[in-house]
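Visitor: Okay, here's what each chain looks like letter by letter:
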Amino acid sequence: QQQVKQSPQSLIVQKGGISIINCAYENTAFDYFPWYQQFPGKGPALLIAIRPDVSEKKEGRFTISFNKSAKQFSLHIMDSQPGDSATYFCAPSLRSGGSYIPTFGRGTSLIVHP
Amino acid sequence: KAGVTQTPRYLIKTRGQQVTLSCSPISGHRSVSWYQQTPGQGLQFLFEYFSETQRNKGNFPGRFSGRQFSNSRSEMNVSTLELGDSALYLCASSLDPGLADTQYFGPGTRLTVL
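Keeping their order, the protein sequence lines are chains E and X.
Note that the first sequence ends on residue 176 in the working numbering; no numbers are left out.
Note that the second sequence ends on residue 119 in the working numbering; no numbers are left out.
Some hints here could point you the wrong way.
Listed next, the in silico BS3-like pairs over lysine-lysine satisfying Cα-Cα at most 30 Å (straight line) [said to hold, decoys possible]:
1) E:120 to E:67
2) E:104 to X:62
3) E:130 to E:67
4) E:104 to E:120
5) E:77 to E:104
6) E:133 to X:62
7) E:77 to E:120
8) X:62 to E:130
9) E:104 to E:67
10) E:119 to E:77
11) E:120 to E:130
12) E:119 to E:133
13) X:62 to E:67
14) E:104 to E:119
15) E:104 to X:18
Quick caveat, the hints were computed from the structure, so don't treat them as lab data.
This is chain E alone, in the form it adopts within the complex (with noise of 0.2 Å):
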């Protein structure tokens, strides 16, 4: 049973434009959602994160939308630049034992054209 599916696979978009990328759940367990972003040649970077508790969360052009009914949350990238072309993962976290242990979704290949 796949707990994490992440969509689209790969996005393409013109500069300028605004990339969503979303992300469906299973367990009703995890309690912590975070985005991270990954260059070529380097380990991935937390890029925004949201709790259960709230309903959305921006950080300058990264947006978070979470809905807890349907278990799914979105990434949605505002005025996309070239140098957002990265690929993208949602990582849905359970707390165990104080800590936040991650399910990675497979991945979205984001490619900005100038």
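Given the structure of chain E, go ahead and fit chain X onto it with the hints provided.
Guide: What follows is chain X alone, placed relative to chain E:
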């Protein structure tokens, strides 16, 4: 402030050998987690250490093991290597296991098993 350091960056081994990878966390970070990234399985959690104790473990065989030293540096070991162990092994450190927003990844060690 220096980031998470992983050594070596690249490694080639043959089936049946064992390998040890090293991770130096960001100064002051006490929690270290390890992940495996492959094209087939994606990003998967291996284990997490805090105060020299393994707190959580992912769904990997016993050939995968790790430890953390008193200075928070960590090593992971894979014994009896298989072709399927070829992957990017990522280490991440955080101030505290409960502070997920403080987690930073290293660049990874690329392991190739021939």
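Visitor: Compare the structure with each hint and give your call.
Guide: Status of the hints after comparison with the structure:
no., hint, in the structure
1, E:120 to E:67, "holds (23 Å)"
2, E:104 to X:62, "holds (24 Å)"
3, E:130 to E:67, "holds (15 Å)"
4, E:104 to E:120, "holds (25 Å)"
5, E:77 to E:104, "holds (23 Å)"
6, E:133 to X:62, "holds (25 Å)"
7, E:77 to E:120, "holds (20 Å)"
8, X:62 to E:130, "holds (27 Å)"
9, E:104 to E:67, "holds (23 Å)"
10, E:119 to E:77, "holds (23 Å)"
11, E:120 to E:130, "holds (17 Å)"
12, E:119 to E:133, "holds (16 Å)"
13, X:62 to E:67, "holds (22 Å)"
14, E:104 to E:119, "holds (26 Å)"
15, E:104 to X:18, "holds (22 Å)"
No hint from the list above goes unmet by this structure.
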